[in-house]
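Undergrad: Make the full structure from the sequences, and use the hints.
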Amino acid sequence: MANTSSDSVSVISRHTVLSAEESSWKALASPFRLGSFDQVAGFVPIQVVWVYAQPSSNIELIPVERLRRALELLLDHYPQLTGRLHVKSTDGTREIIHLGTGAELVEAQCSERLDAFSSPNSTSPASRRILMQDLPAAGNALLAPFDPTPEGACGAPILAVQRTRFECGSVALGVRVHHTVSDGLGFFQLARDLAELYRGLESSENRDPVPFRPPHIRPYMSELVGGNIEPEERQAALDFQPPLFHAEPPASTTVIDPSSVTIYPPPPYPVEGRFVRFSSARLAALKAQATDPNGAGWISTFDALSAYIYQRVHQARLRLSARDPNFGALSPTDFLTPVDLRSRLGLPARYFPNALFASHTTIPPDVLATGPLWQIAKAVHDLTRSSFLSSKDEIDRSLKWIAAQQDTRKIDEHFRYGNGSFMLSQWNKFDMYAGSVFDVAPVLASPPFTQSSLVDGLVYLLPTEEIATGGDAGAIDVSLSLITPIWAVIEEEGPL
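Anchor point for the sequence shown: position 389 equals 388 in numbering that gives the first Met the number 0, and the numbering is continuous, going up by one each time.
Don't read these hints as lab results, they were simulated from the structure.
Here a beta-carbon is modelled for each residue, glycine too, at the ideal position from N, C-alpha and C.
A couple of the hints might just be wrong.
[Said to hold, decoys possible] Quick list of the computed label-pair ranges, beta carbon to beta carbon:
no., residue 1, residue 2, range
1, Ser389, Gly199, 34 to 42 Å
2, Glu229, Thr483, 48 to 56 Å
3, Gly370, Gly99, 52 to 60 Å
4, Gly41, Arg13, 21 to 29 Å
5, Phe387, Glu222, 21 to 29 Å
6, Phe387, Arg198, 39 to 47 Å
[Unchecked claim] In silico DSS-like cross-links for lysine-lysine, where the CA-CA straight-line distance does not exceed 27 Å:
no., residue 1, residue 2
7, Lys399, Lys87
8, Lys428, Lys409
9, Lys87, Lys25
10, Lys428, Lys286
11, Lys391, Lys428
12, Lys409, Lys87
13, Lys409, Lys399
TA: The structure is reproduced here in structure tokens:
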């Protein structure tokens, strides 16, 4: 039995990685301004682990020096990632300072062979596959050390990569980028660029840059953030009421009646993360079930799967609430999902910074409890196509409202998180496998369940390794975090 704790992984060394050309970061204005999207992005990292199996003992997979050189070249194209996050004490504006400080490359080794962590493949009993939850510390030991507090995040490298070599020569790459500077689409673009630059270095002796299409790194509307807006324009921006956000009034001028505020404390249970696989055949059946029987409109696989999971979870929450007083009454049934706005804003190709809003709506609890699946799927479908998310003018007005705030720390979403809410991100359309080939293709690409992602009701839809192996390419892995008792209640009705 393999040691699945973090004890089997030890850090050998930690390297500061600088840009190959110092001129790349010196060409940027300091501080490097972030945009309106970045000011409201989650103050958490995006973290993914890629696992590469050793095909032959004759090669060293992803050697450290070649990886380090690829990172140096990568930072030439993403020079803002050599700095450190900073939150201004005067107005809460996020920016990047200390350009040229560098990213981090961590060397680690695992005392076990990779196949010691493999599990039987449920669809092909004769073969085995690597599951994230079976890896050391459920994959957390394959990520660079990180302090998740705001103070720790601001002092840490914005980009960190850990290379972990297993006893057999297989390698894991854990990549972390702070969400304040990029969203999921930008993150996977960065990962693909690193792989492309690595492949361009055919050997450790080849240190010349390869032809490369540069990314767009200047955040949208960054020129307006931090008070850089005329008084008349600022007032006009503040007069707008954005659909997704509100700003808390100054405490010195506003008295809030405590009886008017409902606080939903977290239940006294640990949160457990699990991966659940949905085959393409099952997804097709769910999509058919979630389609309006009256023939009105259309439903995507995302709409159908989101509706199905939320309904199953909500029904389990209702049963737990009825039998466990510690769980309490359910909070509002708010549903949240990020929407990428690059195409709707006409942003440049290869745009790296954040360009999404976390759209949300309230799905009626009676519909979630007993309604047909198609009604829930329709609510999800309509949310992501709301008029205020489809109009460039409407999106721009929300972004200008953010930029005009006297203190961005006062901005909050209308979304109400609690034991009745649900948050879902669609990552299954991202190129997590084919674009991440270094010496070989990965056998696994997935975010681990970390301290920042183990949040009750948080879901990621992920592609599976079968997309790269000629198997069920349409299958989806659901990464789902729920409090432990909810899992038991769900299983009473049968597995998800």
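Undergrad: With reference to the structure, classify each hint as holding or not holding.
TA: For each hint, the structure was consulted:
1. Ser389 / Gly199: 34 to 42 Å: The hinted range 34 to 42 Å holds for Ser389 and Gly199, with Cβ atoms some 39 Å apart.
2. Glu229 / Thr483: 48 to 56 Å: holds (53 Å)
3. Gly370 / Gly99: 52 to 60 Å: Holds, at about 56 Å.
4. Gly41 / Arg13: 21 to 29 Å: holds (26 Å)
5. Phe387 / Glu222: 21 to 29 Å: Given range 21 to 29 Å: holds, Cβ gap about 23 Å.
6. Phe387 / Arg198: 39 to 47 Å: holds (42 Å)
7. Lys399 / Lys87: Measuring from Cα to Cα gives roughly 19 Å; hence the hint holds.
8. Lys428 / Lys409: The given pair, whose Cα atoms are some 33 Å apart, is violated under the 27 Å limit.
9. Lys87 / Lys25: holds (22 Å)
10. Lys428 / Lys286: Status holds; Cα separation ~17 Å.
11. Lys391 / Lys428: Holds, at about 24 Å.
12. Lys409 / Lys87: Answer holds: Lys409 to Lys87 is near 13 Å, not above 27 Å.
13. Lys409 / Lys399: holds (15 Å)
Going through the hint list in order, the structure does not satisfy hint 8, though it satisfies all others.
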